[in-house]
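Make a model of the complete structure from these sequences and hints.
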Amino acid sequence: GAVVSQHPSRVICKSGTSVKIECRSLDFQATTMFWYRQFPKKSLMLMATSNEGSKATYEQGVEKDKFLINHASLTLSTLTVTSAHPEDSSFYICSAVFLSGLFRETQYFGPGTRLLVL
Amino acid sequence: GQNIDQPTEMTATEGAIVQINCTYQTSGFNGLFWYQQHAGEAPTFLSYNVLDGLEEKGRFSSFLSRSKGYSYLLLKELQMKDSASYLCAVILRGAGTALIFGKGTTLSVSS
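Chains U and S, in that order, give the protein sequences. The opening position of the first sequence corresponds to residue 17 in this note's numbering, with each subsequent residue numbered one higher. The opening position of the second sequence corresponds to residue 529 in this note's numbering, with each subsequent residue numbered one higher.
Read the hints as simulated data drawn from the structure, not as lab findings. In this text the structure is predicted, and so the values were computed from the model without any measurement. Ideal Cβ positions, reconstructed from N, Cα and C, are used throughout, including at glycine. Among the clues, some could well be false.
To be verified - What follows is a list of derived Cβ distance ranges for each label pair:
no.: 1; chain 1: U; residue 1: Ala18; chain 2: S; residue 2: Lys609; range: 19 to 27 Å
no.: 2; chain 1: U; residue 1: Gly32; chain 2: S; residue 2: Lys585; range: 45 to 53 Å
no.: 3; chain 1: S; residue 1: Asn549; chain 2: U; residue 2: Thr96; range: 33 to 41 Å
no.: 4; chain 1: U; residue 1: Met61; chain 2: S; residue 2: Asn549; range: 17 to 25 Å
no.: 5; chain 1: U; residue 1: Leu90; chain 2: S; residue 2: Asn549; range: 34 to 42 Å
no.: 6; chain 1: S; residue 1: Gln553; chain 2: U; residue 2: Phe55; range: 18 to 26 Å
no.: 7; chain 1: U; residue 1: Ala88; chain 2: S; residue 2: Glu537; range: 37 to 45 Å
no.: 8; chain 1: U; residue 1: Lys57; chain 2: S; residue 2: Thr554; range: 18 to 26 Å
no.: 9; chain 1: S; residue 1: Thr541; chain 2: U; residue 2: Glu75; range: 34 to 42 Å
So this is what it looks like as structure tokens:
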């Protein structure tokens, strides 16, 4: 299957600092990527849809000024958690849409980034 | 709202067959995915069903009935490494739209 990478895999930061997470589609171009977060033993919750060359679309309740998304190229989307707080500690996962046929698409997930805010 | 239901937990023994059901009631439907997620890791793709019927891929098979809003994931010849959470997800519209996930089914395989 298609490969999606995320960097860093794990980050610990102080409260009030900003953290940038990168999501890359390694062997395909993705005009659309998604950012999810997942709390322990909970399902994935969609945060935002990242579209190459345009503004991200945020889900209700997700602060766009706090979670900055930039999809500057067809293979890279970044999520920046600004002024991080302990409650932002979570598992952040991106996915990229891979179109394998006219009506066939698959979303492949990155390995995730575990953020811990102290 | 969107509703995707799966059992919370299931248990099975090595070598057995297990079927994980998923029912959905959504405002749209463009396909259904099954993902496997081990604790602390990201989901990995298992299957994607668009049309009614059974799709087989090795030890894993996935079935879809659009008219009934129902899917299942069938795992054969269970192995210990199959212990994981299995996520059912629906894509509501066309290409490039987000997935709506169920809460996942935690499968425990014992020897």
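Right, here's what the structure says about each hint:
no.	hint	verdict
1	U/Ala18 with S/Lys609: 19 to 27 Å	holds (23 Å)
2	U/Gly32 with S/Lys585: 45 to 53 Å	holds (47 Å)
3	S/Asn549 with U/Thr96: 33 to 41 Å	holds (39 Å)
4	U/Met61 with S/Asn549: 17 to 25 Å	holds (23 Å)
5	U/Leu90 with S/Asn549: 34 to 42 Å	holds (37 Å)
6	S/Gln553 with U/Phe55: 18 to 26 Å	holds (25 Å)
7	U/Ala88 with S/Glu537: 37 to 45 Å	holds (42 Å)
8	U/Lys57 with S/Thr554: 18 to 26 Å	holds (24 Å)
9	S/Thr541 with U/Glu75: 34 to 42 Å	holds (40 Å)
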